[in-house]
Amino acid sequence: MNQVPLIHILFLSTALFFVGMYGLLTRRNLITMLMSVELILNSVNINFVAFNRYLYADRLDGVFFSLFIVAIAAAEAAVAIAIIINLYRNFKSIDVEAADEMKF
Amino acid sequence: MPNSVYIVLIPLLPLAGFVVLGLFGRRFFSRSAGLLGTGVVLVSAVLAVWVAWRYLGAGWTDGHFGQYVPVRWNWLTFSPGISIEMSIILDPISVMMIFVVTFISLMVHIYSLGYMKGEPRYATYYSFLNLFTFSMLGLVLAGNIFETYIFWELVGCSSFLLIGYYFDRPSAVRAANKAFIVTRFADLGFLIGILILSFHAETLDFRTLIERLTQPGPLLTGIMTASFLGISLLSWGLVLVFMGGAGKSAMFPLHIWLPDAMEGPTPVSALIHAATMVVAGVYLVARLYPVYMYPVTDASQVVLYVGALSALLAAVIACTQTDIKRVLAYSTMSQIGYMMFALGTVHYSGEAATLGYTAAMFHLFTHAFFKALLFLCAGVIIHRVHSNEMTAMGGLRRALPLTHVCFLIACLAISGIPPFAGFFSKEDILLAAWNANKPVYYIGLFTSGLTAFYMFRLYFSVFWGRPMVGSGDHGAGGDHGAGGHHGAGGRHEAGGHHREAPFTMKLPLVILALGAVFAGWVPFSRLVTYDGVPQAGHGIGVFSIAPVTVALIGIAIAAYLYRVVSDRPKRAAVAFRGVYQFAYHKFYIDEVYSFITKKVIFNLIGRPAAWVDRNIVDGLMNFLAAVTARIAVGIKGLQSGKVQDYALYFFVGIAGLAIIFIYIYT
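Here the protein sequences come in this chain order: A and B. Letter by letter, the first sequence follows residues 1 to 104 in my numbering. Letter by letter, the second sequence follows residues 1 to 666 in my numbering.
In case anyone wonders, no lab produced these hints; they're calculated from the structure. Bear in mind the structure is a predicted one, so any value in this text is a computation, not a measurement. Even for Gly, the Cβ is constructed at its ideal location relative to N, Cα and C. Some hints could be false.
To be verified - Each computed DMTMM-like pair below joins lysine to aspartate or glutamate, with the alpha-carbon atoms no more than 20 Å apart:
1) LYS636/B <-> ASP100/A
2) LYS642/B <-> ASP100/A
3) LYS642/B <-> ASP95/A
4) LYS438/B <-> ASP298/B
5) LYS642/B <-> GLU101/A
6) LYS586/B <-> GLU389/B
7) LYS636/B <-> GLU97/A
8) LYS570/B <-> GLU389/B
9) LYS642/B <-> GLU97/A
10) LYS117/B <-> ASP168/B
11) LYS117/B <-> GLU500/B
12) LYS636/B <-> GLU101/A
13) LYS103/A <-> ASP645/B
Claimed, not checked - Chain A stretches covered by chain B per the calculated footprint, using a threshold of three residues with CB under 8 Å from any CB of chain B:
14) 19-25
15) 85-99
To be verified - Counterexamples of contact, computed for chain A against chain B with all Cβ distances above 10 Å:
16) ASN2
17) ILE9
18) THR14
19) ILE31
20) MET35
21) PHE48
22) ILE81
All chains should be modelled from the sequences, with the hints used to inform the complete structure.
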């Protein structure tokens with residue numbers, strides 16, 4: 001059967017990327033921003049796997065790198081939660097606009 | 001010729017005195033400042049007498065007194081031709097002037113030992129006096145016209161410091177400002193004149209300048225043909241230089257500062273505003289005399305008429321004034337007017353062409369003696385009566401016998417009665433005027449009658465008449481309006497009322513009185529002439545009948561009106577009502593100046609200039625600052641402290657860079 005054209009998958013990952021970025025830049029809740037970051041990382045994952053399957057079908061480099069990304073994303077999520085907890089302790093809120101003390 | 005080290009010491013010793021007393025006077029010399037200052041001037045005076053003795057005794061070359069330049073030091077070179085070279089020039093007038101300046105300064109220093117004793121700022125006073133002596137000596141010894149200008153300004157500065165010595169009195173501060181501003185304004189003319197003359201003659205040195213502006217040559221033709229508003233630049237230059245001299249010498253219309261300058265201590269008035277500084281203008285014109293003499297310019301006419309007018313005007317005003325120092329101030333202005341118009345009599349006559357030069361210098365010499373004597377006597381009188389006003393004085397001839405005799409001698413000298421000093425010099429001046437310009441001669445004659453009248457008016461009012469009640473007690477004195485009296489008057493308990501004056505105040509009176517008697521016998525015309533060649537002197541002769549008669553008439557009128565207290569003066573004043581009022585208010589010249597400065601200059605020039613400065617210049621700067629501030633506020637908003645905004649900028653930057661790189665590499 002015919003494969004799905006690569007460009008469709010790339011559209012999907014680009015759309016996910018920009019949705020994630022929109023969420024990162026717009027949402028006020030820190031947890032939701034964290035979710036958006038995860039979305040960005042996962043969109044990059046899709047990109048890697050897609051290129052691996054379509055360009056280098058006999059190798060697994062892309063997939064391996066995706067595993068790396070998953071692991072690092074997990075670690076980074078842990079660190080991010082720690083930062084959020086510290087921010088909450090300082091500002092008593094998980095609204096990112098509450099932490100604007102470094103303004104002019 | 002005298003060793004040049006000793007000549008340089010003459011001005012430099014008072015400078016050292018000024019520096020030492022100025023820096024350390026208050027701490028170390030607060031009692032002995034007077035002795036130090038006086039000692040320094042004494043040494044200078046001795047050196048000056050020695051220089052004069054050597055020069056006049058041995059300065060002959062080819063049968064005339066030549067100009068001799070012992071010291072020369074190049075300070076600033078603008079171009080190969082024009083340089084400011086500090087040099088000392090010795091010729092008859094400079095030698096005479098250093099003698100006069102150091103001698104009168106010495107007398108004033110000695111007098112101040114008694115007069116200013118107990119003053120809190122005693123050392124400062126002596127340091128200023130020494131500064132003045134240094135500046136004046138530098139002025140008369142200067143061989144370069146710019147050097148003269150430098151010392152000219154220094155003299156003005158010393159005068160300012162000394163007039164405003166009692167700086168807690170607003171009238172003194174105002175007077176000092178007025179003196180400085182008026183003379184500074186005149187010095188503007190002086191500077192422009194210097195620039196014009198030196199630019200065309202391409203030199204600043206006096207000898208070269210005079211040579212180039214009097215010998216026919218390309219430079220002289222150049223300056224004479226160049227003209228501005230129809231008058232040749234040579235005339236402009238000379239008239240502007242004379243303007244500087246007129247300001248310093250209180251010639252009409254730049255005389256307004258001199259009467260107000262009497263706010264200073266009386267010894268200061270004696271030194272600066274009678275004998276030395278105010279004759280600086282006369283000295284300057286005498287220095288440039290060969291150029292003023294050159295027949296084509298009208299500058300000497302200006303000198304002549306301004307001098308004559310000042311002499312007459314001042315004499316008329318002096319007849320109505322009641323403050324003793326103001327009368328003497330106007331008398332000074334009048335006598336300097338005589339000297340000036342004597343210098344201006346050059347244009348007309350033939351072989352007696354330069355008699356005016358000798359006569360002016362002779363009168364300068366004798367005037368220094370009797371005018372300083374008059375002021376110092378006035379100091380004794382003021383100290384006694386605690387007031388400057390003639391109405392508070394009377395019958396003092398028993399209380400102040402020595403002062404009485406000295407004052408009388410000085411009055412006889414200034415009125416031109418033989419054999420006192422003023423007679424010989426005034427006769428020479430009138431002779432020069434007679435040869436040159438008859439109307440000016442008649443003005444001079446009438447003015448000498450007025451001089452005798454107002455001086456003896458002063459004399460009789462002070463020493464004759466009814467003794468005032470206040471001459472024996474510590475009354476508050478008549479501190480009328482512009483009179484004011486010196487701050488050292490609080491020394492009653494020093495026994496000053498039982499004794500006429502301390503020895504240090506009497507000694508200069510005696511010495512100056514001897515000078516006023518005998519100075520006229522100096523064979524001046526053999527020593528001081530403009531080209532150094534001796535001329536024959538004039539003794540008492542037919543020509544002197546008119547001046548002496550006019551003077552005696554003046555004295556007689558003054559005696560009739562003032563010897564006995566009566567209402568004759570009041571009736572005379574009423575009879576001449578219009579002229580009297582005009583003269584009493586000094587011809588309203590001060591009011592005219594006040595009008596011009598306030599209504600015209602301030603309103604038409606000052607206010608618009610201030611408006612432009614505040615609104616346009618400052619406004620431009622404020623506008624720039626406001627724009628910068630607005631932009632800054634705008635940029636400031638970028639740093640909002642919000643992480644998401646920073647992330648947005650980060651991303652926009654990345655996107656921009658990516659686009660640029662893609663654009664570049666495809």
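Is the Cβ of THR14/A farther than 10 Å from every Cβ of chain B? Per Cβ check, THR14/A is outside 10 Å of chain B; nearest 13 Å; holds.
Sort out whether GLU97/A lies within 20 Å of LYS636/B, counting only the CA atoms. The given pair, whose Cα atoms are some 18 Å apart, holds under the 20 Å limit.
With a Cβ-Cβ cutoff of 8 Å, does the region 85-99 of chain A contain at least three residues near chain B? Contact hint for the region 85-99 of chain A vs chain B: holds, 3 residues under 8 Å.
Taking beta carbons only, do three or more residues of the region 19-25 of chain A come closer than 8 Å to chain B? Contact hint for the region 19-25 of chain A vs chain B: holds, 3 residues under 8 Å.
Just to be careful, I want the Cα atoms of LYS438/B and ASP298/B compared with a cutoff of 20 Å; is the pair within it? Given pair LYS438/B, ASP298/B holds - Cα atoms ~18 Å apart, limit 20 Å.
Are the Cα atoms of LYS103/A and ASP645/B separated by 20 Å or less? Measuring from Cα to Cα gives roughly 11 Å; hence the hint holds.
Hey, LYS636/B versus ASP100/A, does the alpha-carbon distance stay inside 20 Å? Satisfied, since the Cα-Cα distance of roughly 14 Å is no more than 20 Å.
Taking the minimum C-beta separation from ASN2/A to chain B, is that value above 10 Å? Since the minimum Cβ distance to chain B is about 32 Å, ASN2/A lies beyond 10 Å and the statement holds.
Classify the label on MET35/A as holds or violated, using whether its beta-carbon is more than 10 Å from each beta-carbon of chain B. The assertion about MET35/A holds, with a minimum of 15 Å to chain B.
For the pair supplied as a hint, LYS117/B and GLU500/B, is the alpha-carbon distance within the 20 Å limit? Holds - the C-alpha atoms of GLU500/B and LYS117/B are around 16 Å apart, at most 20 Å.
Between the alpha carbons of LYS642/B and ASP100/A, is the straight-line distance 20 Å or under? Holds. LYS642/B to ASP100/A sits at ~5 Å (cutoff 20 Å).
Is it true that the CA of LYS642/B sits at most 20 Å from the CA of ASP95/A? It holds: about 11 Å lies between the C-alpha atoms, which stays within 20 Å.
Every hint from the earlier list agrees with this structure, and none is contradicted.
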